[in-house]
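**Q** Here are the chains, one letter per residue:
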Amino acid sequence: MKLVNPLTAIFHPPPTPGVLAVFGHLDTTVDAIGRLHAAGHTDFTVYSPIPRHEIEDALDQPVSPVRMFTLIGGISGCAIGAWLTLYMSYDWPLVLGGKPIGSVPPYVVIMFEMTILFGALSTILGILFNALFAARRLGTVAYDPRFTNDKFGIFVPSQPARAGQVESLLRGAGAEEIRRA
Amino acid sequence: MAEPQSSRVSYDFVTRAIARTLGTPGKGYFALLATAVALLGVGIVCLLFLLRYGLGLAGYSHPVYWAVYITCFVFWVGIAHSGTLISAILFLFRSGWRTAVYRTAEAMTVFAVMTAGLFPLIHIGRQWYFYWLIPYPNERGLWPNFKSPLIWDEFAIGTYFTVSTVFLILGLIPDIAAVRDVATGWRKKLYAICAIGWRGTNEQWRHFTRGYLYLAALATPLVLSVHSVVSWDFAMALVPGWHATLFAPYFVAGAIYSGVAMVITLLVPIRKLFHLEELITVHHFENLAKLCLLTGLIVSMSYCTENFVAWFGGNPHEREAFWYRAFGPFWWASWTMNICNGLLPWLLWSKKVRTNILGLFVVSIFVNVGMWFERFVIIVVSLAGEPFERFANATYNPTWADWGIMAGSFGWFFMWFLLFVKTFPAVSISEVKEVLPAPQRGKVAAS
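From first to last, the protein sequence lines are chains A and B.
Sequential numbering from 4 applies to the first sequence in our numbering.
Sequential numbering from 248 applies to the second sequence in our numbering.
Be careful, since some hints might not be right.
Cβ pair distances, simulated, as ranges [to be verified]: (1) 100(A) with 436(B): 29 to 35 Å; (2) 274(B) with 63(A): 49 to 55 Å; (3) 142(A) with 273(B): 45 to 51 Å; (4) 59(A) with 437(B): 28 to 34 Å; (5) 96(A) with 436(B): 54 to 60 Å; (6) 59(A) with 608(B): 38 to 44 Å.
In case anyone wonders, no lab produced these hints; they're calculated from the structure.
Each residue gets a CB set at the ideal place from its N, CA and C atoms; glycine is no exception.
Kindly generate the complete structure, drawing on both the sequences and the hints.
**A** Right under this line is the structure:
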């Protein structure tokens with residue numbers, strides 16, 4: 004009897020069925036996105052070697068939640084900086100240079116640095132979490148290595164019965180190459 | 248304005264040209280690497296002597312207890328600054344020319360901070376107690392003194408190192424993915440791991456671009472703060488020549504000035520070695536030269552202001568300190584600084600110099616030398632001429648241990664930099680493509 008590793012389902016999920024189109028031009032890609040929207044598709048993936056505002060505008064996506072990570076990280080960093088300096092000063096009060104024990108102006112420097120540190124680190128976590136770990140269908144949709152070089156691509160998940168329709172739509176928009184996954 | 252790149256440069260050209268730099272290295276590369284490692288070896292030997300015999304070997308004598316090591320620390324932190332300026336501040340200003348040079352500058356930042364971080368550790372004497380810098384209570388429950396600029400400095404440098412490293416790594420991810428997709432063999436496997444699943448999907452770009460923007464926005468005030476905090480290590484003390492409110496902007500401008508010069512020093516050989524003439528053009532060097540000129544003029548103005556205030560302020564000790572700088576036993580250091588930083592950048596007003604790569608390279612080396620001497624003058628010469636216990640002032644002279652460890656720091660820095668440019672794309676693939684016209688079928692892109 005063959006043993007099945009239960010983690011396989013998590014780490015090697017089965018591929019999503021659908022149609023992958025390769026585009027050589029930005030304008031044809033944007034046109035295809037428009038046609039897909041018009042045909043009622045919402046769940047497709049667009050590949051591009053660089054971020055382009057044209058694609059972003061055509062997709063009309065909500066603003067990335069990464070900014071909340073930055074905000075929360077920054078505020079917590081500032082709070083930790085304030086706690087660190089004030090708690091450590093009052094834990095063993097020593098008068099230095101005749102200044103008050105908890106003298107805020109010099110502590111602002113620490114608070115500022117901690118704001119930046121925590122803000123930056125949580126931004127990175129936000130990007131990793133949203134773009135990699137929590138990304139939908141990551142690693143299950145078809146891909147072509149030319150998408151990081153000079154080609155644009157669109158993957159439309161669809162059942163084999165409807166794939167023909169999607170194919171003709173993408174071809175009409177100017178896809179250079181189409182294949183089913 | 249010169250064309251940033253020739254019309255031959257397409258998306259595919261960019262990927263291939265930059266991926267090619269990661270191939271098997273040639274003789275020139277190994278020669279440079281061997282030089283760097285040899286210099287590092289010299290530094291390590293000197294450091295071992297220093298560990299064995301103590302800081303007396305560094306020539307410290309009352310009142311000069313901050314000398315070449317602290318000079319090197321400030322110098323290397325300064326070098327680091329232009330990287331973040333080019334990658335973050337110019338990013339926020341949407342300046343297109345930065346794309347070809349920012350990766351080199353950013354890598355330089357990370358390695359320069361790494362180098363700088365070694366010097367306080369070398370300087371403390373009992374290097375094995377370096378962990379005392381970390382904020383935790385000692386055996387009697389006493390915490391570090393947060394009113395001390397040295398503790399601010401530790402936080403600033405620590406934050407700067409962390410943030411510039413993550414900024415560099417984040418920018419590398421899409422480029423590593425691009426290299427992964429054209430590489431073969433074991434390189435492909437290595438880059439596949441480093442690219443952590445990047446495929447350039449719309450979801451990934453959506454989070455990436457937003458996050459990158461916020462990181463740039465956080466790094467911008469950070470870069471201005473770090474050298475301000477470094478300057479307060481001095482300005483918060485009462486030593487004449489240090490105790491000035493001018494110090495923060497003066498140090499930040501000087502840092503960017505020396506950093507831009509170092510970027511030019513590094514880019515000239517890299518461009519030649521990796522045949523990147525079509526990606527990094529004279530246009531990019533000219534813009535770097537303009538940045539160098541601007542910051543150089545701010546530095547020159549700071550020199551004038553400093554001297555003017557010393558005279559106009561009427562404080563006899565301050566006046567004496569500046570007289571000692573210019574005409575005391577360290578006059579050669581002061582005049583090297585004035586000539587290299589104050590006079591030489593005026594050559595950059597000429598377009599002929601700005602567009603002459605070799606000329607720029609020479610000017611940039613002089614600026615590096617001048618900026619090292621600026622820190623030497625500020626730190627060592629101000630201390631050597633201290634008026635507080637004049638009768639007890641001894642003569643200070645740098646020793647072979649100082650010069651050896653300084654040479655070692657250059658070896659350490661260039662070693663990391665050379666290893667980096669051969670392992671990871673030294674020019675950003677995706678960002679260079681961003682400033683190229685996108686391929687369009689219908690019409691020629693305005694981009």
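**Q** Name the hints, by number, that the structure is in violation of.
**A** 1 and 3
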